[in-house]
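Novice: Now for the letters of each chain:
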Amino acid sequence: MDLLFFSFALKNIFRNKWRSTFIIVLLVIGVFALFASVTSSEISGILLDKMINGSIGNTSFGDNNNFSSLMENYSNLDYSSLNSSDLDTENSSVNTGIFANFNGSNPLNNSNISSIEDLRKEMTEGIKTLFFYLTVFLVIMGSLVIMIAMLKAVGERTREIGVLKSIGWTNSRVSGLILLESIFQLFIAWIVVIILLLILYVMNGQSINESFVNTLHMNMDIVYRIFAITFLTSLLVPIIGVIIPLLKAFRIKPSEAMRYE
Amino acid sequence: MISIRNLTKIYDKGRTIALNKVDLDVEDGEFVSIMGTSGSGKSTLLNMIGGLDVPNEGTVDVMGENLSKMNLSRYRRETVGFVFQLHNLVPNLTCVENVELPLFGSARSSEMKSRAMDLLKAVGLDQYSNKHPNKLSGGQMQRVAIARALVNNPKIILADEPTGQLDSENSDLIMDLLQEKQKETNAALIVVTHDFEIAKRAERIIKIRDGQIEES
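Top line first, the protein sequences correspond to chains G and D. Just so you know, we're using my numbering here: the first sequence kicks off at 1 and counts up by one. Just so you know, we're using my numbering here: the second sequence kicks off at 1 and counts up by one.
None of these hints come from the bench; they were simulated from the model. Just so you know, these numbers come straight off a predicted model, no measurement behind them. Glycine included, C-beta positions come from ideal geometry on N, C-alpha and C. Heads up, some of the hints might be wrong.
Calculated pairs, DSS-like style, for lysine-lysine (alpha carbon to alpha carbon, straight line, at most 25 Å) [stated by the list, open to error]:
#, chain 1, residue 1, chain 2, residue 2
1, D, 21, D, 207
2, D, 13, G, 248
3, D, 155, D, 121
4, D, 131, D, 113
5, G, 248, G, 152
6, G, 17, D, 131
7, D, 183, D, 207
8, G, 11, D, 135
9, G, 248, G, 11
10, D, 183, D, 200
11, G, 11, D, 131
12, D, 13, G, 253
13, D, 69, D, 21
14, G, 11, D, 113
15, G, 253, D, 21
16, G, 253, D, 155
17, D, 121, D, 135
18, D, 155, D, 207
19, D, 135, G, 17
20, G, 248, G, 17
21, G, 253, D, 69
Facing chain G, from chain D, some residues (calculated, C-beta under 10 Å) [stated by the list, open to error]:
#, residue
22, 78
23, 89
24, 93
All chains, please: the whole structure from these sequences, using the hints.
Specialist: See the structure below:
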């Protein structure tokens, strides 16, 4: 692919600054939301794991630092007089999920939950499912916004697309240009997200190592994984978002585009 | 070079007959002008020859090959050079980049640049190569558009009212340039125009009315 092709795509982004800024801001919000979703999902997994097997950083769970003993304490309570708001608020992460709405019944007596292991699996699966749907929702919403913005962009450039086709550009080249513009916008959004994250860490007075890795006993592999999953998921947004605009560009006939004002 | 037989184009689900059984032959290196009133079908005919539109009936053969069986993108890229009434330059690209556009994918970057610069020099605009089209006058923009149309050494140059937006001085300049380049390359030049002064420069004037060739 030629350098001029990249330069053309970049110039197109900066041609309409307002529209590009609008798309990039939306992408930044989308990437942030995806990042938060993936990070929360990863942290939730670690929290559950640590709750079962021991302590999380400086937080302890009873004398045995053990989730099983914690659950035993819960199972000895008289649940008939309690509501969800009465549960131990110190361990808020335990007050969520299936505990949030037990309203008077012992969750451990639920016929679907035969053991602590089942409970852990159910909670883990529940959290994973929740974050999966959240991520799908964010990808769909982001794609819709990109699609609307790109449809407008393709509409405004009908004549230009017609000219490009009339001088021999193929549909694949025209669509490659539109897709490349969209990916460039995503990269710009990513740069903004990374700068914002760095600013947040600096303002917080902590390094990534201190805030993420030490506190949550995460290793850097998990941090890299979070970034990788977020990046790959966010790539879907512009790709899905430009499918319909690309089909529209495909259908533009050069002779009709020439008459377009 | 170009052989058109029984060419028919119908728009609006049969309500508008833009071209009605048109027959036309154009030889190598020939300069033909097409005249007619608005809506007579002259631009439609040019679009059919340039592969920008497809007929409902009839055939367009170029160098013995039927256009309907050809890869039209390739045909437009390698065989045809188009000059439009409204120059149609890409506003956010410089003049030299606009001239390079048809060469995307078929030439190396250095070769593209060198050919584009040669053409800009030929149309007298090499000093504007890094300027954007909005910094140029109407006549200068049309000269850049001519450079873009010629950069792939086309065998057919099609010009749809190339002087429609220009004053008489610039019109003469543009037509001189087109004819000069046509003679250099021995390409067929087909110009659609309202202007008889422009049309009479051609070796042959074709008058078209209601989608049919009236006289040739």
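Novice: Please go over all the hints and tell whether each is borne out by the structure.
Specialist: Hint-by-hint comparison with the structure:
no.: 1; hint: 21/D - 207/D; verdict: 15 Å, holds
no.: 2; hint: 13/D - 248/G; verdict: 22 Å, holds
no.: 3; hint: 155/D - 121/D; verdict: 21 Å, holds
no.: 4; hint: 131/D - 113/D; verdict: 15 Å, holds
no.: 5; hint: 248/G - 152/G; verdict: 11 Å, holds
no.: 6; hint: 17/G - 131/D; verdict: 20 Å, holds
no.: 7; hint: 183/D - 207/D; verdict: 24 Å, holds
no.: 8; hint: 11/G - 135/D; verdict: 17 Å, holds
no.: 9; hint: 248/G - 11/G; verdict: 22 Å, holds
no.: 10; hint: 183/D - 200/D; verdict: 17 Å, holds
no.: 11; hint: 11/G - 131/D; verdict: 14 Å, holds
no.: 12; hint: 13/D - 253/G; verdict: 17 Å, holds
no.: 13; hint: 69/D - 21/D; verdict: 20 Å, holds
no.: 14; hint: 11/G - 113/D; verdict: 18 Å, holds
no.: 15; hint: 253/G - 21/D; verdict: 23 Å, holds
no.: 16; hint: 253/G - 155/D; verdict: 23 Å, holds
no.: 17; hint: 121/D - 135/D; verdict: 18 Å, holds
no.: 18; hint: 155/D - 207/D; verdict: 23 Å, holds
no.: 19; hint: 135/D - 17/G; verdict: 20 Å, holds
no.: 20; hint: 248/G - 17/G; verdict: 23 Å, holds
no.: 21; hint: 253/G - 69/D; verdict: 18 Å, holds
no.: 22; hint: 78; verdict: 7 Å, holds
no.: 23; hint: 89; verdict: 8 Å, holds
no.: 24; hint: 93; verdict: 6 Å, holds
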